[in-house]
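Peer 1: Sequence:
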Amino acid sequence: ELSDAYAKCATIQAEVKRREDLLRGIPLVLADFLEQIHLPDPDLTHAGARPEDAPRLVIAALQKLQTAVSKREEELKTANEKIAELCKYGAKRDEDVQREAYDALRVELLDVSKRCADAEAKLRELGVEETKGAGTSLITKMSMLIYQLQVSVISGTGLRTKGWRPGPESEALSCIVEVVGKEAKFGTKPVRDSKNPAWNHTGELQMSHSALPCCECL
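In terms of the UniProt record's numbering, the sequence shown opens at residue 1 and continues consecutively.
FYI, nobody ran anything at the bench for these hints, they're computed from the structure.
Watch out, some of these pointers could steer you wrong.
Calculated lysine-lysine pairs in the DSSO-like style (CA-CA distance at most 27 Å, straight line) [claimed, not checked]:
(1) 162 x 82
(2) 77 x 195
(3) 82 x 195
(4) 185 x 162
Here are the in silico distance ranges between beta carbons for each label pair [said to hold, decoys possible]:
(5) 170 x 75: 55 to 61 Å
(6) 189 x 73: 20 to 26 Å
(7) 166 x 72: 19 to 25 Å
(8) 182 x 71: 20 to 26 Å
(9) 71 x 185: 48 to 54 Å
(10) 216 x 74: 37 to 43 Å
Note that CB positions come from ideal geometry on N, CA and C, so glycine has one too.
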């Protein structure tokens, strides 16, 4: 019976030592993990001397980790909002640039038309009148003129969804430039693995001064 008691006592002591070793080891494993993610915790590193302190130190370290995670999540949220804002600005800027170029073209063509009309009025002042056999007027001729334009499609922004990722299943984007109501058009090559596709393509369109060019991304 005495030997059995000694054996049970030895078993209990071994179990107590195993649990103490486990308590010493948990803070060290957690300390190593925090070191790897650049959140060192000196208290955890030196926790092996007093295993009874392990639960308190582990809880404190986990709270520290949770605080760091929350901070990173907030930084990521702020970064995503900034990216979305920049994409929105880029899309608006591209639209403004396209509108500025279109308005400049319209102004130039209208100026040519006005000069033709002024010239025709001046001829009338001088007594030069058109007859039925004289042919088409300058204004009518102006409306019949066809312009050969070179249009450059550089790039596009804000065309992808917020969670877009490149890959084989990603949708390829191309840009079609055409004249409203006409068959005249040209297209760029499709670009798949880019959030903001850069086409850098120049094409030609034939259009009159009253025609409306437009651009569409597919």
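Peer 1: Is 37 to 43 Å a correct range for the gap between the Cβ atoms of residue 216 and residue 74?
Peer 2: holds, 39 Å
Peer 1: Is it true that the CA of residue 82 sits at most 27 Å from the CA of residue 195?
Peer 2: holds, 16 Å
Peer 1: With a cut-off of 27 Å on the C-alpha distance, tell me whether residue 77 and residue 195 pass.
Peer 2: Holds: residue 77 and residue 195 sit about 19 Å apart, inside 27 Å.
Peer 1: Per the hint of 20 to 26 Å, is the separation of the Cβ atoms of residue 182 and residue 71 within bounds?
Peer 2: Given about 57 Å between the Cβ atoms, the range is violated.
Peer 1: Has the hinted range 55 to 61 Å been met by the Cβ atoms of residue 170 and residue 75?
Peer 2: violated, 27 Å
Peer 1: Just tell me: holds or violated, for the beta carbon distance of residue 189 and residue 73 against 20 to 26 Å?
Peer 2: violated, 39 Å
Peer 1: Check the hint pairing residue 162 with residue 82 against an upper bound of 27 Å on the C-alpha distance.
Peer 2: holds, 12 Å
Peer 1: Tell me if the beta carbons of residue 166 and residue 72 are separated by a distance inside 19 to 25 Å.
Peer 2: Roughly 24 Å apart at Cβ, these two residues keep to the hinted range, so it holds.
Peer 1: Take the C-beta atom of residue 71 and the C-beta atom of residue 185, compute their distance, and say whether it sits inside 48 to 54 Å.
Peer 2: With Cβ atoms ~51 Å apart, the hint holds.
Peer 1: Are the Cα positions of residue 185 and residue 162 separated by 27 Å at most?
Peer 2: violated, 30 Å
Violation of the numbered hints given earlier is confined to hints 4, 5, 6, 8; the remaining hints are satisfied by the structure.
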